[in-house]
Amino acid sequence: MIKQKEIILPEFNRGFHLITDIIMKNITNLPEFGMLNIFIKHTSAGLILSENADPSVRVDFENIFNKLIPENQSFYTHIFEGSDDMPSHVKSGITGTSVTIPISKHKLNLGTWQGVYLCEFRNTGGNRRIILTTYS
Amino acid sequence: MIKQKEIILPEFNRGFHLITDIIMKNITNLPEFGMLNIFIKHTSAGLILSENADPSVRVDFENIFNKLIPENQSFYTHIFEGSDDMPSHVKSGITGTSVTIPISKHKLNLGTWQGVYLCEFRNTGGNRRIILTTYS
Amino acid sequence: MIKQKEIILPEFNRGFHLITDIIMKNITNLPEFGMLNIFIKHTSAGLILSENADPSVRVDFENIFNKLIPENQSFYTHIFEGSDDMPSHVKSGITGTSVTIPISKHKLNLGTWQGVYLCEFRNTGGNRRIILTTYS
Numbered sequence: 129m130i131k132q133k134e135i136i137l138p139e140f141n142r143g144f145h146l147i148t149d150i151i152m153k154n155i156t157n158l159p160e161f162g163m164l165n166i167f168i169k170h171t172s173a174g175l176i177l178s179e180n181a182d183p184s185v186r187v188d189f190e191n192i193f194n195k196l197i198p199e200n201q202s203f204y205t206h207i208f209e210g211s212d213d214m215p216s217h218v219k220s221g222i223t224g225t226s227v228t229i230p231i232s233k234h235k236l237n238l239g240t241w242q243g244v245y246l247c248e249f250r251n252t253g254g255n256r257r258i259i260l261t262t263y264s
Numbered sequence: 129m130i131k132q133k134e135i136i137l138p139e140f141n142r143g144f145h146l147i148t149d150i151i152m153k154n155i156t157n158l159p160e161f162g163m164l165n166i167f168i169k170h171t172s173a174g175l176i177l178s179e180n181a182d183p184s185v186r187v188d189f190e191n192i193f194n195k196l197i198p199e200n201q202s203f204y205t206h207i208f209e210g211s212d213d214m215p216s217h218v219k220s221g222i223t224g225t226s227v228t229i230p231i232s233k234h235k236l237n238l239g240t241w242q243g244v245y246l247c248e249f250r251n252t253g254g255n256r257r258i259i260l261t262t263y264s
Numbered sequence: 129m130i131k132q133k134e135i136i137l138p139e140f141n142r143g144f145h146l147i148t149d150i151i152m153k154n155i156t157n158l159p160e161f162g163m164l165n166i167f168i169k170h171t172s173a174g175l176i177l178s179e180n181a182d183p184s185v186r187v188d189f190e191n192i193f194n195k196l197i198p199e200n201q202s203f204y205t206h207i208f209e210g211s212d213d214m215p216s217h218v219k220s221g222i223t224g225t226s227v228t229i230p231i232s233k234h235k236l237n238l239g240t241w242q243g244v245y246l247c248e249f250r251n252t253g254g255n256r257r258i259i260l261t262t263y264s
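Protein chains in written order, with my numbering: chain S, 129 to 264; chain L, 129 to 264; chain B, 129 to 264.
Hints in this document: simulated from the structure, not taken from any laboratory. Being a predicted model, the structure only gives us computed values, none of them experimental. Among the hints, erroneous ones may be present.
One copy or two, either will do: identical chains are not told apart, so a pair holds if it fits within one copy or between any two.
[Unchecked claim] Cross-link-like lysine-lysine pairs, in silico, DSS-like; alpha carbons within 25 Å at most: (1) K133 with K235; (2) K131 with K233; (3) K169 with K233; (4) K169 with K153; (5) K235 with K131; (6) K169 with K131; (7) K133 with K233.
Model the full structure from these sequences, guided by the hints.
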């Protein structure tokens, strides 16, 4: 059985953001056992699961990703949409655009420290669309 | 309900390639709601979703990945299959080997700018096998 | 139809480890066609599919990831859990925390060279929990 819902996220600044609560509010009556897929319909943002407690983790994530895929490299050719654009596509290719989470006993079966991160790689990414699909 | 099909891709050069059309041709009669998983049966290639419009994005992807995981590093030990081999495994570990896409109203529910990329990390990767599985 | 099982892995040293056999032992009576999702409930470890034959691949993976995301960078702020902690979260964000594998004719439809890697990014990660979910 499939249940699907498309939602629009509020605008987030560039960076890594914990959005577990937003996801939770939008999935109700979970099946006893199943899976949840969260999918982002964009090529300059990503979704991952990571540490849900200390905000400094998200700050370091942003700085490490910027060092890994720096802006304004002389060999970039896709530059007409801004210096943050091409790096944002590559960062999105690295994080991926969906996460899949088991559902057990009507709940998301996340580890104690796991939360859902929106990875916003653009300076002004605007409202991002995500699709929540549960199957059981 | 599960539908599955294994296909063999034409040979692609090393680099990032848009293969959305090939995928589309091989999935027909999609369910009203469900998921598509695309899986590549290889350890030196990957699959991601990224920008589907400007070919320069794919050129930059290739150059950025080569800078990120360079060939011929002195500390590599898995070198007997060519200088492109060990980097290709790591690049594949970074991109991942499958993508999952929601199906809505009998269509892939991709964002406007999203396309399926084959990431061919070998100089001569040959024909790659992928498995298309829809579930609903 | 969903079948789910949570298992506890033996402790592994920091590094990349082939765990295909452990997975296989814990999934029996696979459906004719379907999918297997393997999910790790942690933020400092990952799961990928990669080369299953030569152990030197796993050694190089560890060294390449350490070079990619080095420890003890002066700009890190999340440092109170040890120098391996923040890098482990980022490495996990890069590899991802689940893999999805097609099931065909009652078997995992992996490529000849594909195996399941546990990516243990902590010096002392302890026993990791993973969830195996098959759906058909």
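Hint by hint, here is what the structure shows:
1. K133 with K235: both (17 Å within a copy, 15 Å between copies)
2. K131 with K233: Result: close both inside a copy and across copies, 17 Å intra and 12 Å inter.
3. K169 with K233: For K169 and K233, the Cα distance is within 25 Å only across copies (16 Å; inside one copy 29 Å).
4. K169 with K153: Classified as both: same-chain Cα gap 20 Å, cross-chain 21 Å, threshold 25 Å.
5. K235 with K131: This pair counts as both: shortest intra-copy Cα distance 15 Å, inter-copy 15 Å.
6. K169 with K131: Both: 18 Å inside a chain and 24 Å across chains, each within 25 Å.
7. K133 with K233: The answer is both: 21 Å in one copy and 12 Å across copies each meet 25 Å.
Comparing the model with each numbered hint stated earlier shows that all of them hold.
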